[in-house]
Amino acid sequence: MWRPVAALAALVAVTLAAIGLTFSSATRTPADFRFVNGTEPKTLDPSLMNGQPEMRVATALFEGLTRRDAKTLQPAPGVAETWEVSEDGLTWTFHLREDARWSDGRPVTADDFVYAWQRLLDPTTGAEYAYFLHGLVGARAYNRGGAAEAPRFGVDQGVFAPDPHTLVVELEAPVPYFLELTSFFATLPVPRWAVETHGDRWFLPGRIVGNGPFLLDHWRVGDRIRLVRNPDYWAAEAVGLETVDVLSIEQPTTALNLALAGEVDWLPSLYPPELVDVLQERPDFYSGPGMIVYFYRLNVTRPPLDDPRVRQAIGLAIDRREITDALLRLGEIPATAMVPPGMPGYGTPTSGLGFDPARARALLAEAGFPGGEGVPELGILYNTHERHRQIAELIADQLRRNLGLRVRAYNQEWQSYIASTRALDYDIARAGWIGDYLDPNTFLDLFVTGNGNNNTGWGDPDYDLLLAAAANVGAASQDPAALLAAAPEPDALAAALAPLDEEVDPAQRTAQLRALRLELLRQAETLLVAEGFPVIPIYFYVASGLVQPGVEGFYSELSLPDGSRAANLQDIHPLRDIRVPAARN
Amino acid sequence: MGVFEAIALAAAFLALAGTAWLPSRALRSVGGAWAAAGLLVALRPLLGFAPAALLAVALGALAAWRLPEAVLRRIAFALPSLLLLTYVTAVLMYLAPGSPFANERAAPPEVERTLRERYGVPEDATAFFTIYVERLVVEGTLGPSIKVQGRSVEDLLLPALPVSLALGALALVLAVVGGVALGVCAGLRPGSGVDLSSMGLALLGVSLPNFVVGALLMILFGIALGWLPVAGWGGYRHLVLPAITLALPTAAYVARLTRSGTIDAMQQDYIRTARAKGLPERLVVAKHALRSALLPVVSFLGPAAAAIMTGSFVVETLFGIPGMGQWFVKGAINRDYSVVMGTALVYFALITAFNLAVDLVLAWLDPRVREAQ
Numbered sequence: 001m002w003r004p005v006a007a008l009a010a011l012v013a014v015t016l017a018a019i020g021l022t023f024s025s026a027t028r029t030p031a032d033f034r035f036v037n038g039t040e041p042k043t044l045d046p047s048l049m050n051g052q053p054e055m056r057v058a059t060a061l062f063e064g065l066t067r068r069d070a071k072t073l074q075p076a077p078g079v080a081e082t083w084e085v086s087e088d089g090l091t092w093t094f095h096l097r098e099d100a101r102w103s104d105g106r107p108v109t110a111d112d113f114v115y116a117w118q119r120l121l122d123p124t125t126g127a128e129y130a131y132f133l134h135g136l137v138g139a140r141a142y143n144r145g146g147a148a149e150a151p152r153f154g155v156d157q158g159v160f161a162p163d164p165h166t167l168v169v170e171l172e173a174p175v176p177y178f179l180e181l182t183s184f185f186a187t188l189p190v191p192r193w194a195v196e197t198h199g200d201r202w203f204l205p206g207r208i209v210g211n212g213p214f215l216l217d218h219w220r221v222g223d224r225i226r227l228v229r230n231p232d233y234w235a236a237e238a239v240g241l242e243t244v245d246v247l248s249i250e251q252p253t254t255a256l257n258l259a260l261a262g263e264v265d266w267l268p269s270l271y272p273p274e275l276v277d278v279l280q281e282r283p284d285f286y287s288g289p290g291m292i293v294y295f296y297r298l299n300v301t302r303p304p305l306d307d308p309r310v311r312q313a314i315g316l317a318i319d320r321r322e323i324t325d326a327l328l329r330l331g332e333i334p335a336t337a338m339v340p341p342g343m344p345g346y347g348t349p350t351s352g353l354g355f356d357p358a359r360a361r362a363l364l365a366e367a368g369f370p371g372g373e374g375v376p377e378l379g380i381l382y383n384t385h386e387r388h389r390q391i392a393e394l395i396a397d398q399l400r401r402n403l404g405l406r407v408r409a410y411n412q413e414w415q416s417y418i419a420s421t422r423a424l425d426y427d428i429a430r431a432g433w434i435g436d437y438l439d440p441n442t443f444l445d446l447f448v449t450g451n452g453n454n455n456t457g458w459g460d461p462d463y464d465l466l467l468a469a470a471a472n473v474g475a476a477s478q479d480p481a482a483l484l485a486a487a488p489e490p491d492a493l494a495a496a497l498a499p500l501d502e503e504v505d506p507a508q509r510t511a512q513l514r515a516l517r518l519e520l521l522r523q524a525e526t527l528l529v530a531e532g533f534p535v536i537p538i539y540f541y542v543a544s545g546l547v548q549p550g551v552e553g554f555y556s557e558l559s560l561p562d563g564s565r566a567a568n569l570q571d572i573h574p575l576r577d578i579r580v581p582a583a584r585n
Numbered sequence: 586m587g588v589f590e591a592i593a594l595a596a597a598f599l600a601l602a603g604t605a606w607l608p609s610r611a612l613r614s615v616g617g618a619w620a621a622a623g624l625l626v627a628l629r630p631l632l633g634f635a636p637a638a639l640l641a642v643a644l645g646a647l648a649a650w651r652l653p654e655a656v657l658r659r660i661a662f663a664l665p666s667l668l669l670l671t672y673v674t675a676v677l678m679y680l681a682p683g684s685p686f687a688n689e690r691a692a693p694p695e696v697e698r699t700l701r702e703r704y705g706v707p708e709d710a711t712a713f714f715t716i717y718v719e720r721l722v723v724e725g726t727l728g729p730s731i732k733v734q735g736r737s738v739e740d741l742l743l744p745a746l747p748v749s750l751a752l753g754a755l756a757l758v759l760a761v762v763g764g765v766a767l768g769v770c771a772g773l774r775p776g777s778g779v780d781l782s783s784m785g786l787a788l789l790g791v792s793l794p795n796f797v798v799g800a801l802l803m804i805l806f807g808i809a810l811g812w813l814p815v816a817g818w819g820g821y822r823h824l825v826l827p828a829i830t831l832a833l834p835t836a837a838y839v840a841r842l843t844r845s846g847t848i849d850a851m852q853q854d855y856i857r858t859a860r861a862k863g864l865p866e867r868l869v870v871a872k873h874a875l876r877s878a879l880l881p882v883v884s885f886l887g888p889a890a891a892a893i894m895t896g897s898f899v900v901e902t903l904f905g906i907p908g909m910g911q912w913f914v915k916g917a918i919n920r921d922y923s924v925v926m927g928t929a930l931v932y933f934a935l936i937t938a939f940n941l942a943v944d945l946v947l948a949w950l951d952p953r954v955r956e957a958q
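Protein sequences, first through last, are from chains Y and F.
In terms of this note's numbering, the first sequence is numbered consecutively and its last residue is 585.
In terms of this note's numbering, the second sequence is numbered consecutively and its last residue is 958.
One should not assume that every hint holds.
Which bits of chain F does chain Y cover? Going by a derived footprint, with three or more residues having C-beta under 8 Å, they are [said to hold, decoys possible]:
1) 795 to 808
2) 814 to 824
3) 914 to 927
Here are some of the chain F residues that sit facing chain Y, going by a computed Cβ distance under 7 Å [as the list claims (entries may be wrong)]:
4) 695
5) 696
6) 734
7) 754
8) 758
Derived, one-sided and incomplete: chain Y residues facing chain F with beta-carbon distance under 8 Å [as the list claims (entries may be wrong)]:
9) 48
10) 123
11) 253
12) 261
13) 413
14) 414
15) 419
Source of the hints: derived by calculation from the structure; they are not laboratory data.
The beta carbon of each residue, even a glycine, is placed where N, CA and C say it ideally should be.
Based on the provided sequences and hints, a complete structural model is requested.
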């Protein structure tokens, strides 16, 4: 009788011992700062990453020419100590600091940036964000055919290093947000020797060489990344945290439970949305406008959606207030345009998409479908997610009530959903777009004819012309007639073009061109939301989360240098500047 | 699916079915050859080609000569079914819409071409299968993951497998001990209060989904009482809640199987004999009834062990455990083809191993099975 019991006890003991071997010693002591990072980072190679979870780690391990200041999110000196831009805005010269070091002791030089940017653009790298540098002279050719097609790129063209601590960047046309790009993950430097020694595994623990405020200590897939302070970072004394745990957790309930139990310090947006009312009451909850638009694509190749009147009718029949106030409840902003508020100097266009069911019915009748008669059943495709389902059901119901349409909401999981939208195999499809930089262009260039992210079948030569003109205002302003012909509101554009005839000093000219550029973008957006209607904006996201009281250097609202306040649109919180109370350590 | 794929599949099924009718002599050589081939693939990365080949041939010959026919038949069956499984998985994967290279932000065609080339993922399932098997046999690797860059599939699965195996083993022990105890108590007095309450408990265990059980345990013991960590992996305290959550449905199933087995066994003649010769009731149950009452439980445990030990996606995501379960789902959702193939192979290996183990245990427990072999 005792033999089986003893055997069982032995089995349990062996099992428990075996389990012990799977624990890693590195994670037994809690880190100074722990945060939920959502899905597992795909890579830590700055040239190959594409999402927020990767970005949060990469900007801790590497430092670009500039970095973002936590309080303002404006570019602050990073590896570049100072920089200047030529009067025409085309040539940027960055002076790199002498004391910037890679974690293996080598100095960070201008060549490291040239190498990284060439690598980003090299077609064999397969970098999704290569287009970020397309504004550099020769970059497009290099991205197409590599050194064979653009032999001078990186040598004395586009980006090059006249000496180890000077980097020169040549732009084809002034890019107002260029400095912002130099803190973005795609432009971070990459250690050539590490890549050449270890190939596509160079960023794994024990091999990675970084130049940022933190070092990669430990990485267990599906569990966590442990970062430790980099003692050789040029501003090491400015780094407040000794250790950081980056948790890979995708389950909202798990993430929230960890936050409630005090086991994580920061939980960005990954909590069950149903609990919004309760969470909003908590003192550790923060929220603010985000730079993300939630919208529906309309397949303009499929009747009856090929008729802009039908598309506008659908847009007019959606009551966005009901969605934001009754369903979402976090202060989301109903959207009738694609570019979120908060873009400096940018005026939102007059939209033809505000809630107006009477006008919607009239338009639908005008298109030949009085009371929705004759319209086949329409499908709203969304990627599998509870929130998207609720919104789609609500909109389907609104379209039924307000237009008499038969609408069915259906879901597909992520990869199928992407394949369907790419192949234009849908009627109406849910979408979201996160801005990469603080400029309307990041939202508007998707809808250029044939852009890989357009996915609506829509294209308008006027729209393409206006966006191309905005990308190179100086040259475009030479031919105002063509611009005025393309603009939906020529008077407003004429007003922006008029001052260009005056003789002014270069600084004023730059300001005028900048204003003209924004006006061109506004005209383009007007085409989108007042004439073409390939998309129906629904709402602008709110960035929200939980952060433990006492965490310093965490700004859910920014304080700009001019004293004004601004929203932290991308919910970015550089780890370099975060501090926790000493008592906790 | 193309005509070629259909023909290939039909041929593979025929080959598989054919192993059941292989005559004894042929079986010995085929089984031995398969064993040698399998050993070669497994040993080559460890030993290098020549020593591995030598060892594999020797062991294969030994297997053909010495192993019982039933085991050889299993081996003869395993290799073609492994190939078939790989091929079917590849074909099904390619039939699913989407591709591992589709991202929210479109990549230009030249980028996708480069990526397909780099990861060995051509546009067609048969070509992929050929590359995959060739890589597995020649290089002895499961290939690079497409979505987790810089890692091969074994880099992902090897650290995750022990976690799932360990947690699964613990859950299995809990499930068997708890389930058998509950089942025997219930089965000895069918219809009594003990029976009703334990079977009610078992019903609850089977029907409550583990994300509910897990969340309840987490809220109660993690947040309200603060006794145990709510999630994560790093110490024995992290084990308690997930192991209980994972064990519960299996325990409930085992309890029901044990109960019916016990009721059945207690009515047998040999129990009356045992009682008649004056054995105390405790020994009657433990020595005589339990042995046959447990037969269905043991048969159930083979596949159950394979399932529980390869990790549960739900339990692992709920408790943030870096185990195998996540890869079954992530691989499929991300269309990470090589991860899907890798998880399928690991699952296949475990299920084959556990079924073999169950056969051996059954032979030891049940004289009828022993004689049939």
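- Message: Interface hint check: residue 696(F), Cβ to nearest Cβ on chain Y, cutoff 7 Å. Holds or violated?
- Response: This hint holds: residue 696(F) lies near chain Y, its Cβ roughly 5 Å from the closest one there, short of 7 Å.
- Message: At least three residues with a C-beta closer than 8 Å to a C-beta of chain Y: is that true for the segment 814 to 824 of chain F?
- Response: It holds, with 9 qualifying residues against the three required.
- Query: Does the segment 795 to 808 of chain F contain three or more residues whose Cβ lies closer than 8 Å to a Cβ of chain Y?
  - Reply: n = 5 at 8 Å, threshold three: holds.
- Task: Report holds or violated for the interface hint on residue 754(F), using the least CB-CB distance to chain Y and a cut-off of 7 Å.
- Result: Result: holds, 5 Å to nearest chain Y Cβ.
- Task: Go through the hint on residue 734(F) and say holds or violated, using the shortest Cβ distance to chain Y against 7 Å.
- Result: holds, 4 Å
- Against chain Y, is residue 695(F) within 7 Å by beta-carbon distance? holds, 5 Å
- Task: Report holds or violated for the interface hint on residue 758(F), using the least CB-CB distance to chain Y and a cut-off of 7 Å.
- Result: holds, 6 Å
- Mind checking the CB of residue 413(Y) against every CB in chain F and telling me if the closest is under 8 Å? With a minimum Cβ separation of about 6 Å from chain F (threshold 8 Å), the hint on residue 413(Y) holds.
- Mind checking the CB of residue 419(Y) against every CB in chain F and telling me if the closest is under 8 Å? holds, 4 Å
- Against chain F, with CB atoms and a cut of 8 Å, does the hint on residue 414(Y) hold up? holds, 6 Å
- Query: Counting residues of the segment 914 to 927 of chain F whose CB is closer than 8 Å to a CB in chain Y, do you get three or more?
  - Reply: With 3 residues in contact (Cβ-Cβ under 8 Å with chain Y), the coverage given for the segment 914 to 927 of chain F holds.
- Message: Given a cut of 8 Å on the nearest C-beta pair, is the interface hint for residue 253(Y) held or broken against chain F?
- Response: holds, 6 Å
In terms of the numbered hints stated before, the structure departs from none.
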